[in-house]
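Colleague: Quick note, the sequences are listed as chains U and Y, same order. The first sequence: position 94 = 93 (numbering that gives the first Met the number 0), numbered continuously. The second sequence: position 147 = 146 (numbering that gives the first Met the number 0), numbered continuously.
By construction, these hints were calculated from the structure, which means they are not laboratory data. Treat the numbers as computed from the prediction; the structure is a model and nothing was measured. Yeah, the Cβ is synthetic: ideal placement off N, Cα and C, and Gly gets one too. Hints may be right or wrong, so weigh each one.
Computed list of lysine to aspartate or glutamate pairs in DMTMM-like fashion (alpha-carbon distance at most 25 Å, straight line) [to be verified]:
(1) U:K118 - Y:E70
(2) Y:K211 - Y:E98
(3) U:K129 - Y:D201
Not close to chain U: a few residues of chain Y, all C-beta gaps over 10 Å, as computed [as the list claims (entries may be wrong)]:
(4) F2
(5) E16
(6) R35
(7) D67
(8) L74
(9) V76
(10) F85
(11) K105
(12) K169
(13) E225
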Amino acid sequence: MIELMIDLMPIWLSLKLAFSTTLLLLLIGLPMAYLLSKWQSLGKTLVESLITLPIILPSTVMGFYLLLAFSPESWLGNLLQTVGISLPFSFAGMLIASLIYNLPFMVQPIQRGFEEIPKQYWQIAYTLGKSKTETLFRVVLPNMKRALLTGVILTFAHTIGEFGIILMIGGNIPGVTKVASLAIYSDLEAMNYQAAHTYSLILLITSVLIIFLLNLINQLKVQHAVR
Amino acid sequence: MLFVELYKQIQTADRAEQLLVEAHVPAEGITAVYGRSGIGKSTFFNCLAGLLEPDQGKVKFGDDIWYDSTENVSLAVQQRNIGYIFQSNNLFPHLTVSENVRFALKKSDQSTDVSELLRQVELADMANRYPHQLSGGEQQKVAIARMLAQKSRLVLMDEPFSALDHVMRKKLFDLIKRFQQQYQLTILIATHDLQDIRALADHVLWIKEDRKGVMRDKEAFFKLVE
């Protein structure tokens, strides 16, 4: 029997981080993906490589460099400190790290979505008198719902499961940066196996649900097939 | 009358070539734009529509100047009100047939009877279907209905029959001829098929191998090509 009496704050923090990351990355990733889909030069390959970096780089490496960048000894950390902002071991710092770390999971599927939209959709909408913005919202985005959903779900799921970079930037402070994945680590170290088990089960169920949802979206009958 | 005099550089696999089209296209009737695939028919259409900027020249439709490189005039594609029908991907997949047609209506002109337009293209009973539920020919008919809803005077059709069978081609030919006369449209159809020209066109704009396009009388054109 699993002990369900656990501190719910880490779950809440995980969800808060996942929702904030997903929402902000959607706003940042959408224009980024659009520009990358239109851009044709060597610079594009460089930017794409930089965006992909978090997928192959150990999260601790990125966490280490971000920690250096946020520290008061760096010019960035120093600048932030003069305006009263300290990012290491704060939720804001953890969020920024999460945004950088999850960038490829949001940008890549949406970029592919833009690239799959036939050029004629844009051209037809223009000849019918619609502006670029109107075409984007009335024609292009509705026809890449699957790409958008894939980006959103992958980002959300990946944020829920983050560990290394969160531990390094957040510091596992209860009530501030101690998210569910860190709570499991802490409870294991303290030999509090029941709590670790409960957190793990919640994350497991959440992950299975998310993967199931993702597969469901991919297998949905392609009603609006993009030919 | 559509007056065209335009130059546009085309990048081929191994070099850059110059497309040059000089033509006075009659205001009424169907003009076939003939030339082999890749010669520059689509580039020419895109320049007319305002989707591409010519390098130099002048485009005038009626009294309206759409493009004039010497006067630095270049009207935006949205302001030219051109009906443009491609070979495929003409309809937006997330909209039903009637929604696709309604998409062309201007904010000031919501009173147009979309059902009547669909009836005219013999698709009244398919208003609520999605494009993927239609055949290729039916999709082209919806694009024609949308062009009518748009109330454009100049219509560009870029190889619109390439993917269609003989029976559907014949039906579309009849529709296009009927609408051209009924709505007094100027229609340009890009094709590399002489049968299409014989069945449909009143005039021919021939883009030859040197990428120079000139108007030809239909009879004179057939004498030259045959």
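Colleague: Look at each hint and say if it fits the structure.
Modeller: Comparing the hints with the structure gives:
no.: 1; hint: U:K118 - Y:E70; verdict: violated, 30 Å
no.: 2; hint: Y:K211 - Y:E98; verdict: violated, 40 Å
no.: 3; hint: U:K129 - Y:D201; verdict: violated, 32 Å
no.: 4; hint: F2; verdict: holds, 20 Å
no.: 5; hint: E16; verdict: holds, 21 Å
no.: 6; hint: R35; verdict: holds, 22 Å
no.: 7; hint: D67; verdict: holds, 20 Å
no.: 8; hint: L74; verdict: holds, 12 Å
no.: 9; hint: V76; verdict: violated, 5 Å
no.: 10; hint: F85; verdict: violated, 5 Å
no.: 11; hint: K105; verdict: violated, 6 Å
no.: 12; hint: K169; verdict: holds, 25 Å
no.: 13; hint: E225; verdict: holds, 34 Å
Consistency note: the structure conflicts with the earlier hints numbered 1, 2, 3, 9, 10, 11.
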